[in-house]
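Sequence lines, in order, name chains A and B. Throughout, the working numbering is defined as the position within the first sequence, counted from one, plus 134. Mapping the second sequence onto the working numbering, position 1 (from 1) lands on -17, and the numbers just tick up by one.
Note that these hints are calculated values from the structure, not bench results. The reader is advised that the hints may include incorrect statements.
What the hints assert, rightly or not - Heads up, simulated PhoX-like pairs for lysine-lysine below, C-alpha to C-alpha not over 25 Å straight-line:
no.	chain 1	residue 1	chain 2	residue 2
1	B	Lys229	B	Lys253
2	B	Lys253	A	Lys141
3	A	Lys151	A	Lys141
4	B	Lys28	B	Lys52
5	B	Lys52	B	Lys253
6	B	Lys129	A	Lys296
Stated by the list, open to error - Okay, the calculated bits of chain A under chain B, using three or more residues with CB under 8 Å as the criterion:
no.	segment
7	393 to 401
8	438 to 447
9	465 to 477
10	513 to 525
To be verified - Cβ-to-Cβ under 7 Å is the rule here; a few derived chain A residues that face chain B:
no.	residue
11	Glu217
12	Trp227
13	Pro373
14	Ile411
15	Ala453
16	Ile490
17	Cys492
18	Met493
C-beta: ideal position from N, C-alpha, C; glycine also.
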Amino acid sequence: MSFPWAKNYEPVNPVMKFMDEKLPLPRLVYNAVGAGYPVPRNLSYWWNFGVLAGICLVLQIVTGVVLAMHYAANSGIAFDSVEHIMRDVNWGWLLRYMHANGASFFFLVIYIHIFRGFFYSSYKAPREMIWLLGVVIFLLTMATAFMGYVLPWGQMSFWGAKVITGLFSAIPLVGEPIQVWLLGGFAPDNAALNRFFSLHFMLPFVILGVVILHIWALHIPGSSNPTGVEVKQESDTVPFHPYYTAKDGFGLGVFLLIYFMYVFFFPNALGHPDNYIEANPLSTPAHIVPEWYFYPFYAILRAFTFDFIIPAKLWGVLAMFSAILVWFFLPWLDKSPVRSGHYRPMFRKFFWFGLIPCMAVLFYCGGAPAEEPYVMISQIATAYYFLHFLVILPIISSVERPEPLPFSITEAVLGSDDSAVIEPAAKAAE
Amino acid sequence: MIRLVGILVGLGFTFVVLLTFGVGAYTAATDPATETAENVFHLHPKEDVHYSFEGPVGHWDIAQLQRGYKVYSEVCSACHSLKQVAFRDLAALGYSEAQIKAEAASKRVPGVDPNTGEAASRPALPTDYMPSPYPNAVAASAANGGKIPPDLSLMTKARHEGTHYVYSLLTGFQEPPAALAEEFPDFTIPNGGHYNPYFASLVIGMAPPLTTEGQVTYDDGTVPTVDQMSQDVSAFLTWTAEPKLVKRKQTGWPVLGFLLFATILAWFAKKSVWANAKRRED
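Between the sequences and the hints, there should be enough to build the whole structure, so can you do that?
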């Protein structure tokens, strides 16, 4: 579906005409990211992060496929094969640093993309399916990143694998057998490394498939926009190309500048020194922490320290998974008819002074040692996290008085919209 | 309905986490966590030494790396392996092919007797990796009181502030401070242990390896003080951990320069494309 004023693909070149008749792939591209896709004219730079996430995925697949040509998924030589890439493979160090930092930047971009969705309620009708697919992509990306971090077979790889698969052992009765089944043994070893490598290679292509569904679902209602007012007329939109290809081009340039600054000058700043020590099942690191992008959920996991009816560990696991699963229900928890946080005074306050500080605290505590005061601080933040999504959002959506919305995107951009005047007049004439 | 269930689940998690907070707060108030000697007396690496490879335009000090290699091969290599480094890699330190061949030939590596097939040893070739001082892990452990001396190839990347850490550790051996015995009377240094505040557990099994000036004879006339030798070997181990460190920084500048140029062009492209959209369409 598209808006009736969307430009139609009209090939002039005979080759393209031939192609369009036999396999209309150029038409698909034209309608998806070309002049054939009308997009709200008022998108801010927060709307760049969807395209950036797609570019990150491609970057990870390309560097990852080449790394896989040189990597050996065998617990005896995995660590040395990574060092072989760093030392002897032509530009291997660049590929590996791009892939490792690429994972971090992928998550940075995804987090901004998700939080843009929170602020502008991008999950609301008619875009529920886009949101649900997005949460699926996030979960798949987390699984892929976790398994990728195991592959260098350093100390954090090994102990991270042990801790994360150990979460499943919290399940009553069948937990231990499930952990053994997942690892292919009683502790992470060659069997686990091999299957993680296999899945780490396969899952990105699954993610790519879900990304295509995510974009397909997006093209049915069209992009959201900062006012949250739906597109009404042609003057509300501009064609994706050249307007947003140009804007995304600039955004991509800024992104790559920051990304390559890390790759070339601080390539290990986002990693952990312990992972340059080869995995040793007999030596436990002092602080086992995941990569930074898992910190908020790791903080929630560790916040539960008291056996209330069920063991604390099981509470932690339930809460950690619920913390993400709750996002699936957002379209039905937040019933306010107004989308954009710009017109929702209460929602806006809870977003900036509640959710954002809460996430910042969880990020910080997730990377800190499991000691006081970090545990107590993360407990308060965890309480707020669940209150925000499950209690505060449903309640404010019914008690809040939203501010007046602009008549249309055109009015929001230009200050006035002729059709806003004409329309009531036309109605009166009827 | 879904909102009601959501509110109940949300309140449920909040209740449990606040309960566990209450229990934790009560425990913290009645039974405060005791400080450990490691928490109080552990020191972060000294960062007062500047190395040529630091900073955005860092470069190797080849003479220093050669001195550092000498310290490694005459002192450290008695106990520590360097298994990621091959003799051929020494070309990056400015050694000629003949020098590398001679250096490799002076070390023996495990091999096979070509006539009998029996296990034997042979002189190393430039393609061989630096041999370990011990035939196997058991021997390494047995010779060092049950602890295997770690491989040094990646040591400076495997610790926070790795280069400074190695230097601080090498120059940080000292008598335990008097305050330590006062505050933690239970703290003892086991037999064969050595006090070093830069080591995470304060007690390291390694005896001070660099103790006297002139322990290593430098060929370039630099005075081999303990401090100088420690700096040189720290620099050398930074090279072994990341031989491509300087190449990485040198590659970074043109890449960032190109991207900056491309981003500026993209900005003007975006400006000119959007100039049409800002006007009202008549």
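Hint-by-hint comparison with the structure:
{"no.": "1", "hint": "B/Lys229 <-> B/Lys253", "in the structure": "violated, 36 Å"}
{"no.": "2", "hint": "B/Lys253 <-> A/Lys141", "in the structure": "holds, 23 Å"}
{"no.": "3", "hint": "A/Lys151 <-> A/Lys141", "in the structure": "holds, 17 Å"}
{"no.": "4", "hint": "B/Lys28 <-> B/Lys52", "in the structure": "holds, 24 Å"}
{"no.": "5", "hint": "B/Lys52 <-> B/Lys253", "in the structure": "violated, 59 Å"}
{"no.": "6", "hint": "B/Lys129 <-> A/Lys296", "in the structure": "holds, 24 Å"}
{"no.": "7", "hint": "393 to 401", "in the structure": "holds (count 6)"}
{"no.": "8", "hint": "438 to 447", "in the structure": "holds (count 5)"}
{"no.": "9", "hint": "465 to 477", "in the structure": "holds (count 3)"}
{"no.": "10", "hint": "513 to 525", "in the structure": "holds (count 9)"}
{"no.": "11", "hint": "Glu217", "in the structure": "holds, 5 Å"}
{"no.": "12", "hint": "Trp227", "in the structure": "holds, 5 Å"}
{"no.": "13", "hint": "Pro373", "in the structure": "violated, 10 Å"}
{"no.": "14", "hint": "Ile411", "in the structure": "holds, 5 Å"}
{"no.": "15", "hint": "Ala453", "in the structure": "holds, 6 Å"}
{"no.": "16", "hint": "Ile490", "in the structure": "violated, 19 Å"}
{"no.": "17", "hint": "Cys492", "in the structure": "violated, 12 Å"}
{"no.": "18", "hint": "Met493", "in the structure": "violated, 16 Å"}
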